[in-house]
Every structure is written in structure tokens, then in C-alpha cells.
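A.B. asks: Listed below are the residues making up each chain.
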Amino acid sequence: MHFVLVGLSHKTAPVVVRERLTFPADAQERSLATLTGIEEIREAVILSTCNRTEVYAVASDTDIGVDSVTGFLADHCDADRHELARYLYIETGEAVVRHLFRVVASLDSMVVGEAQILGQAKTAYEHALGAGATARVLNKLFRQSFEVGKRVRTETAIGESAVSISYAAVELAKKVFDTLDGRTVLVLGAGEMSELTVRHLVSNGVIGVLVANRTFERAQDMAARFCGTAVPFERFYDSVHDADIVISSTAATEHVITKAALAPSAKHRAQPLFLIDIAVPRDIDPAVNDLPNVFLYDIDDLSGVVEANLEERMAEARRAEAIIDEEMAAFFTWVESMEVVPTVTAIRAKAEVIRKMELEKALKKLDLTDKERKTVEALTCAIVNKMLHGPTARLKKVSSDKDGYMYVEAARMLYGLEDSEDKHGPGAFRNLLNLRAREIVEKQKETGEGIGDCGA
Amino acid sequence: MLEVAFVAFWLAMAFYVAATVLYGYQVVTRRAVLSWYATFATGAGFLLHTASIGLRSSATDGTELTGANVLVLMAWALVLVYFLVEHLMKVKTYGALLVPAALVMMLIAQVLGVSRGVLADMTPEQAVLLDNWRVGIHVALISFANAGYAIAAAASLMYVLMERQLKARKATKLFSRLPSLAQTERVAWRSVLWAFPLYSAGLILGVLRAIETDVSLWWADIRVLLSGLVWLVFAAYLVLRWRHGWQGRRGAYLLLAGFVLVVALAVVARTIPAGFHVFGL
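The listed protein sequences derive, respectively, from chains A and B. Take 1 as the starting number for the first sequence in our numbering and just add one per residue. Take 1 as the starting number for the second sequence in our numbering and just add one per residue.
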């Protein structure tokens with residue numbers, strides 16, 4: 001089996017190209033059928049989001065697989081394949097697995113650490129699974145990638161800090177108030193940015209929205225969108241007393257809120273007051289921050305918070321890479337077990353262990369000369385070799401077929417090559433045999449000789 | 001049995017060391033998975049701590065209320081109260097401050113000599129003073145109240161640090177690791193709310209016992225005067241917070257000052273051998 005990935009993302013293609021190469025959910029089944037209809041493509045998953053379109057495939061041959069998928073993508077968007085190739089990246093083998101793990105862990109996202117991609121990858125896999133486009137290999141790969149995504153989110157702090165101005169404002173408000181449930185926000189200036197921030201605050205529990213704007217109708221419009229109340233701009237100081245958070249983004253050229261004007265209100269407050277000034281030039285006198293229990297952040301302060309959070313995410317991303325390395329090793333141990341040569345070697349090693357054990361038991365009961373002993377040994381070797389020759393030869397032959405690894409898997413199951421989860425009773429004996437067989441294989445690797453005394 | 005108590009005591013300290021490292025590491029790395037191990041280490045340490053106190057008490061026919069033993073009891077009360085706070089308020093950051101505080105108290109107790117039979121060194125008057133059920137309750141109430149004050153002080157310290165970070169408008173690593181202002185303020189307020197009545201009841205029992213045994217000039221003892229001052233500071237906090245809106249920085253500083261007095265009282269109680277309130281140093 002050969003892993004192949006062909007795709008494009010925000011890093012390699014502009015939106016004008018990305019928007020042409022999308023696979024909407026309702027069209028995926030047909031696209032997957034086309035893809036897996038290609039002789040060399042055994043399994044496929046299409047991951048299509050606003051920032052990336054990627055085709056993950058298991059092919060019988062790497063070059064043909066890459067060529068087939070590239071052709072499929074060019075046909076899908078009706079583009080010249082050479083023109084499209086400028087925007088595509090191609091990965092094969094181990095790099096495909098690393099790429100998928102990095103994508104699902106959100107290390108390859110536009111905003112590192114964003115949480116959406118894990119859900120999008122799950123949806124893409126479910127579509128492929130539903131369409132019958134995946135089998136053993138991609139099932140294992142994608143399920144393990146979800147584990148990677150989960151581990152990275154729980155074992156690192158990659159997604160914890162806000163990385164946009166409006167979310168940074170919410171995060172800071174939570175550092176002051178703990179929870180925003182039941183809080184009230186006063187908005188000065190019904191602009192787009194302030195509306196976005198209010199939207200985030202409301203989705204985090206803020207229930208009271210007061211809007212003051214020089215044009216009262218605009219204040220009313222915005223207040224209506226949040227089930228809030230419009231207040232006359234001239235009287236907004238009265239509303240400051242009722243608010244926990246103030247967002248200011250007016251077009252005023254002078255300070256709208258001054259220290260002197262706010263001081264009496266601040267003095268009698270039991271609760272803190274959090275002021276967010278996203279206007280340029282600034283609406284709020286910076287000296288307001290000196291008042292007790294009043295916290296003022298302007299647009300530069302919020303940008304500073306975002307930058308610091310991004311740096312922290314990058315540090316966490318390095319820890320995430322270490323998790324990916326661990327999971328890669330686990331995945332390729334599994335992949336190796338699905339290869340035919342190690343499987344045949346393991347079958348022969350196990351047979352050799354059994355042959356030796358049974359021979360030893362029998363020889364203890366018999367009183368044989370050296371010549372007789374050698375004859376019996378040769379007999380056991382011949383039986384084992386003849387019993388295994390047919391199945392292993394056929395296994396090697398069918399392994400290159402489209403569903404060859406299913407035979408490999410079946411052989412591993414029938415010969416009991418995977419360790420039993422049952423650590424007692426028959427399971428323990430199987431594990432012991434496998435352990436001895438692995439020792440034989442290791443020895444064989446070291447010495448370069450054939451397995452056991454039978455020279456198989 | 002004393003040997004077993006001794007081993008349990010040191011094992012408890014070992015678990016508290018492990019918990020301190022884990023809580024610290026959890027705060028630095030923000031890896032939630034570590035918090036379970038930290039709580040487990042604290043819990044295991046607490047059980048051994050409890051066993052050590054119980055075994056020593058059985059071996060010596062009751063816990064001797066010496067300076068060192070009282071410190072061990074206070075450390076025990078602090079861990080117990082911290083567990084309650086962690087469970088009720090679902091916060092773990094305090095463990096990074098309070099578990100090491102309990103550990104330090106146990107270490108000091110060890111230096112002072114937990115197992116020294118200091119009661120034998122007491123005057124007959126002091127022995128009579130201690131020979132009453134009220135004294136045991138007095139010590140228990142003061143221990144739990146001090147644990148509450150310690151938690152309030154830890155929360156206030158975090159409040160002050162967080163407030164400075166917010167005022168400085170810089171997102172440092174400390175900023176993202178500290179709890180919110182509202183939460184620290186709430187923890188401090190609630191801790192004092194239940195610690196203060198315990199402290200008051202503890203003081204009343206102590207005063208009753210002193211009057212009962214006819215100790216002359218009991219009120220002039222430096223420990224009594226200091227404990228009165230502690231009571232006044234926390235009473236002032238409650239009144240100012242409740243009636244005059246002393247939330248925030250002022251309240252936090254007042255609580256920190258109150259806790260400094262609690263520590264000063266604990267140091268004085270174990271270092272100045274003057275007055276009637278001396279029951280072994």
C-alpha cells in the first residue's frame with residue numbers, strides 16, 4: 001500500500017483557485033465513487049474546507065496514484081492539470097501521515113490552534129466511510145489522526161488563548177469578571193468592530209446591551225439586533241453606572257470619556273469597570289486606567305495580547321509536534337504489521353517455535369540415536385515447510401492485489417500473530433509463542449540467517 | 001506506635017513535596033492532566049498526615065498542644081480546607097501556594113521537635129490551664145480559622161498580582177495562569193466569612209478559660225494582644241467590604257495585612273517565652 005496526498009491550501013493557492021476546487025458535502029459521494037473507480041486507487045478521503053482541499057488516497061503505486069489524483073482534481077475543476085499543478089502540493093508515504101496529523105492537530109491552519117479543523121476532518125472521513133471509499137488503512141489512519149487532534153488539544157494549551165482582537169476583548173473581560181453571565185455592556189458608536197465584539201460577548205453570557213450613538217436610529221438598529229436598549233448619546237454617562245463593560249468606537253477626534261468625568265461613577269462602583277477602546281483616534285483618556293477598579297484597553301493593547309497569545313501558541317505547537325512523532329511511530333508499527341514480508345516471517349517464526357517445542361517434548365519420551373534424532377528433526381522441518389509453503393506463496397502473490405492487505409490481515413488473524421488482550425489462559429500462551437517468534441525474527445535480522453534449523 | 005506515626009509523618013511530607021511540584025508544574029504548563037495527580041498526592045499526603053496525628057495522639061494519650069504539634073494541626077487543617085475549596089469552587093491554582101505552605105509548617109514543626117515531651121517542662125499553672133476540653137476546641141477553632149485566613153491571603157495575593165497585570169496591559173505568562181479578579185475576590189470573601197466566626201469563637205473560649213483559671217493580667221499577654229489585633233483587622237475587612245464596597249485592591253491589601261499579623265502571632269507564640277500563653281516552644 002502506498003499513501004498519496006494531493007491538495008492545495010491557503011498557503012499555496014489564492015482564494016480564486018481554492019473556490020474552484022471545492023467538494024460540497026452533497027457532491028462528495030459521487031466524487032469519491034469516481035476516485036475509487038480508478039484502478040490504482042484503493043481508498044480515498046476528500047477533505048474540503050474553505051482553506052484547503054486535499055485528497056488522501058491509498059494507491060497500488062505511488063506515481064500512478066499521484067498522477068490519477070491530480071488528473072481527478074483537474075477534471076473536477078475543469079482546469080488544465082499543468083496550470084493547476086502550480087498550486088498543488090504532493091506528499092507520499094510517511095509525509096502523508098505526518099501532514100494529516102499536523103492538519104488535524106491544527107498546526108497547518110491559518111490560525112494555529114483553531115478548533116474547527118478536527119470537526120471538518122471527522123465530517124470528511126464520515127462522508128468517505130458512508131460512501132464506502134475507505135477500508136482498513138484509511139480507517140486506521142483517520143481514526144488515529146482524531147486521537148492525535150484530541151491529544152494535542154488536551155495535552156497542550158494550543159487552543160486556549162484568544163488570537164483575534166474581538167476574542168481577546170472577551171478573554172480579558174473574563175479575566176476581570178470570571179464569567180460574563182448576566183453582565184451588561186455599553187457600546188459607544190455602533191460600528192462594525194464594536195458589533196462583532198458585542199456578538200462575542202453576548203455569546204459568552206452577556207445579557208444587557210446598551211447602545212449609544214450620535215445618530216440615535218443607528219443605536220436603535222443595533223440595540224434591536226441584540227434585544228438591547230438604545231440610549232441618547234448625550235446621556236451615556238448615566239448608563240456607565242449600569243454597565244460592566246464599555247466598548248467605544250466612535251469617530252470623535254477628542255476623548256469621549258475622560259478621567260474627571262468618570263471618577264465620580266468609578267468611586268461608587270462595587271464591581272470593576274472594563275473599558276475597551278477600539279477607536280482611532282482613541283475615545284477614552286488613557287489616564288482613566290489609573291482609577292481604582294477600572295481597566296482600560298485600547299486597540300494596541302489588544303493587539304499586544306493577541307501577539308503574546310500567538311507566541312504562546314507557537315510554543316505549544318512545538319510540544320504538539322512531539323505528540324505527532326509519537327503517534328507516527330505507533331501508526332507505522334501497525335502499517336508494518338500489514339506488510340506481507342514481515343507477516344510471512346512471523347508465521348514461519350511461530351511455526352518454528354511450535355515445531356521446536358513439540359520436538360523437544362517427543363524426544364524426551366524417546367530413546368533415539370543421533371542419526372534417528374536427525375531424521376525426526378528433518379521430518380518435522382519438512383512437514384512445517386510443506387504446510388506453510390502453499391499459504392505463504394499465495395499470500396505473497398495476492399498481497400499486490402487491490403485488497404491484498406485484507407488477506408494479510410486474515411492470515412495474521414488465523415495464525416494468531418497479534419497478541420491477545422486476554423492475558424490469562426489461552427491468550428497468555430499465544431502471547432508467549434508470539435514473544436518467542438519475535439525473538440527468532442530479531443535474531444534472524446541480526447545474523448542474517450534463515451529461520452530456525454529448517455532453512456526456510 | 002510512635003515510630004509508625006513518625007514514618008507516616010515523613011511519608012505525608014514526601015507526598016506534599018510531590019503535590020507541590022505537580023501543582024507548580026501544572027500552573028506553569030497548564031496541563032490539566034497533571035492536576036489529578038497533584039490532587040491525588042495531596043490526598044494521599046493528607047491521609048498519612050491524619051494517620052500520623054491519630055497514632056501519635058494514641059501513643060501519647062492525647063495530642064500535646066505544644067507549639068510544634070499545633071503547627072502540624074494547622075497544616076492539617078489548611079490541607080483539609082484547601083480540599084474543600086478545590087471541590088466547591090473547582091479551582092486548582094491555590095494548591096500551588098497552599099500545599100507548599102502546609103509543607104513549610106510541617107518542616108518548621110519538625111525543626112521545633114514534634115515528638116519532644118515538652119509538657120513535662122511546663123509549670124503546674126500552665127498544665128492546669130490546658131487541662132480542659134475548652135482548650136482543645138480553642139486550638140481546633142483557631143487552626144481552622146487560620147487555614148481560612150491563609151486561603152484568603154493566597155487569593156488576595158493572586159488578586160493583587162492579577163490586578164497589576166491588567167493595569168499594566170501586558171499579556172505575560174503569569175497573566176494567563178492566574179485566576180480572574182472576580183474569582184479571587186470571591187474566594188477571599190467567602191474564606192473570611194466562615195473563618196472569622198471560628199476565630200471569634202476560638203478567642204472567646206480562650207478568654208473564658210483564662211478567666212476561669214484566674215490568670216492575672218491575661219489580657220496583657222503579647223499573644224492575646226496580637227490575636228485581638230488580628231480579630232480587629234478581619235472584622236474591619238468584613239464591615240468595610242459589606243458596608244463600604246471595599247472590594248478589589250483595598251480589601252486585598254487589608255487581608256494580606258491581616259495574614260501578616262497571623263504569621264507574626266504564630267512566630268511570636270513560638271519564639272518569645274514570656275506571658276501565660278506559652279505551652280512549649
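Please note that a few of the clues may not be correct.
To be verified - Listed next, the in silico DSSO-like pairs over lysine-lysine satisfying Cα-Cα at most 27 Å (straight line):
1) LYS259(A) - LYS167(B)
2) LYS443(A) - LYS374(A)
3) LYS140(A) - LYS174(A)
4) LYS259(A) - LYS364(A)
5) LYS92(B) - LYS173(B)
6) LYS361(A) - LYS371(A)
7) LYS356(A) - LYS386(A)
8) LYS140(A) - LYS150(A)
9) LYS356(A) - LYS396(A)
10) LYS259(A) - LYS170(B)
11) LYS170(B) - LYS150(A)
12) LYS396(A) - LYS443(A)
13) LYS170(B) - LYS174(A)
14) LYS90(B) - LYS150(A)
15) LYS173(B) - LYS174(A)
16) LYS173(B) - LYS150(A)
17) LYS386(A) - LYS361(A)
18) LYS170(B) - LYS92(B)
19) LYS259(A) - LYS174(A)
20) LYS356(A) - LYS140(A)
21) LYS361(A) - LYS167(B)
22) LYS150(A) - LYS11(A)
23) LYS173(B) - LYS267(A)
24) LYS267(A) - LYS170(B)
25) LYS396(A) - LYS365(A)
26) LYS361(A) - LYS267(A)
27) LYS371(A) - LYS396(A)
28) LYS170(B) - LYS397(A)
29) LYS386(A) - LYS443(A)
30) LYS371(A) - LYS356(A)
31) LYS364(A) - LYS396(A)
32) LYS140(A) - LYS170(B)
To be verified - Listed next, the stretches of chain B that the computed footprint assigns to chain A, with coverage defined by at least 3 CB atoms under 8 Å from CB atoms of chain A:
33) 161 to 167
34) 220 to 229
Source of the hints: derived by calculation from the structure; they are not laboratory data. Yeah, the Cβ is synthetic: ideal placement off N, Cα and C, and Gly gets one too.
A.B. asks: Now, for every hint given, state plainly whether the structure supports it.
C.D. replies: Hint-by-hint comparison with the structure:
1. Only pairs whose Cα atoms come within 27 Å are accepted, and LYS259(A) paired with LYS167(B) is accepted, the gap being roughly 15 Å.
2. Among the hinted pairs, LYS443(A) with LYS374(A) is consistent with the structure: their alpha-carbon atoms are about 23 Å apart, no more than 27 Å.
3. Taking the CA atoms of LYS140(A) and LYS174(A), the gap is near 40 Å; set against the 27 Å cutoff, the hint is violated.
4. Proximity of LYS259(A) to LYS364(A) is assessed by CA-CA distance (about 100 Å); at most 27 Å being required, the pair is judged violated.
5. With a C-alpha separation of about 17 Å, the suggested pairing of LYS92(B) with LYS173(B) holds against the 27 Å cut-off.
6. As the CA atoms of LYS361(A) and LYS371(A) are separated by approximately 18 Å, the hinted pair is consistent with the 27 Å bound.
7. Under the criterion of a C-alpha separation no larger than 27 Å, the hint pairing LYS356(A) with LYS386(A) is consistent with the structure, at around 16 Å.
8. Restraint check for LYS140(A) and LYS150(A): satisfied, since their Cα atoms lie roughly 15 Å apart, inside the 27 Å limit.
9. A hinted pair counts as satisfied when its Cα atoms are at most 27 Å apart, and LYS356(A) with LYS396(A) qualifies at roughly 25 Å.
10. Between LYS259(A) and LYS170(B) the alpha-carbon distance is near 21 Å, which keeps this suggested pair within the 27 Å criterion.
11. For the given pair, LYS170(B) sits about 31 Å from LYS150(A) by alpha-carbon distance, which is inconsistent with the 27 Å threshold.
12. Distance hint between LYS396(A) and LYS443(A) is fulfilled; the C-alpha atoms sit about 23 Å from each other, no more than 27 Å.
13. The hinted pair formed by LYS170(B) and LYS174(A) meets the criterion: a straight-line CA distance of about 15 Å does not exceed 27 Å.
14. As the CA atoms of LYS90(B) and LYS150(A) are separated by approximately 23 Å, the hinted pair is consistent with the 27 Å bound.
15. Restraint check for LYS173(B) and LYS174(A): the C-alpha separation of about 16 Å stays at or below 27 Å, so the hint holds.
16. Of the pairs offered as hints, the one joining LYS173(B) and LYS150(A) holds, with about 24 Å between alpha carbons and a cut-off of 27 Å not exceeded.
17. As the CA atoms of LYS386(A) and LYS361(A) are separated by approximately 22 Å, the hinted pair is consistent with the 27 Å bound.
18. Of the pairs offered as hints, the one joining LYS170(B) and LYS92(B) holds, with about 24 Å between alpha carbons and a cut-off of 27 Å not exceeded.
19. Between LYS259(A) and LYS174(A) the CA atoms are separated by roughly 24 Å; this keeps the pair inside 27 Å, and the hint holds.
20. Taken as a hint, the LYS356(A) and LYS140(A) pair is broken in the structure, with Cα atoms around 36 Å apart against an allowance of 27 Å.
21. A C-alpha spacing of about 82 Å is found between LYS361(A) and LYS167(B), which places the hinted pair above 27 Å, so the restraint is violated.
22. Taking the CA atoms of LYS150(A) and LYS11(A), the gap is near 24 Å; set against the 27 Å cutoff, the hint holds.
23. Proximity of LYS173(B) to LYS267(A) is assessed by CA-CA distance (about 31 Å); at most 27 Å being required, the pair is judged violated.
24. Using a Cα cut-off of 27 Å, the hinted pair LYS267(A) and LYS170(B) holds, with the two alpha carbons roughly 25 Å apart.
25. Annotation: proposed proximity of LYS396(A) to LYS365(A) is violated, straight-line Cα distance about 39 Å (limit 27 Å).
26. For the given pair, LYS361(A) sits about 94 Å from LYS267(A) by alpha-carbon distance, which is inconsistent with the 27 Å threshold.
27. Distance restraint check for LYS371(A) and LYS396(A): the Cα-Cα separation of roughly 36 Å exceeds the 27 Å cut-off, and the hinted pair is therefore not satisfied.
28. For the hint pairing LYS170(B) with LYS397(A), the CA-to-CA distance comes to about 66 Å; that exceeds 27 Å, so the pair is violated.
29. At roughly 24 Å between alpha-carbon atoms, LYS386(A) and LYS443(A) fall within 27 Å of each other, so this suggested pair holds.
30. Between LYS371(A) and LYS356(A), the direct Cα distance comes to roughly 18 Å. Compliance with the 27 Å bound is thereby established for this hinted pair.
31. Distance check on the hinted pair: LYS364(A) and LYS396(A) sit about 37 Å apart at the alpha-carbon level, beyond 27 Å; violated.
32. With a CA separation close to 45 Å, the supplied pair LYS140(A) and LYS170(B) exceeds the 27 Å bound.
33. Coverage of a stretch by a chain is defined here by at least three residues with a beta carbon nearer than 8 Å to that chain's beta carbons; for the region 161 to 167 of chain B and chain A the count is 3, and the condition holds.
34. Requiring three or more residues with a Cβ within less than 8 Å of a Cβ of chain A, the coverage given for the region 220 to 229 of chain B is violated, as only 0 such residues are present.
Checked against the numbered hints given earlier, this structure breaks hints 3, 4, 11, 20, 21, 23, 25, 26, 27, 28, 31, 32, 34; the rest are met.
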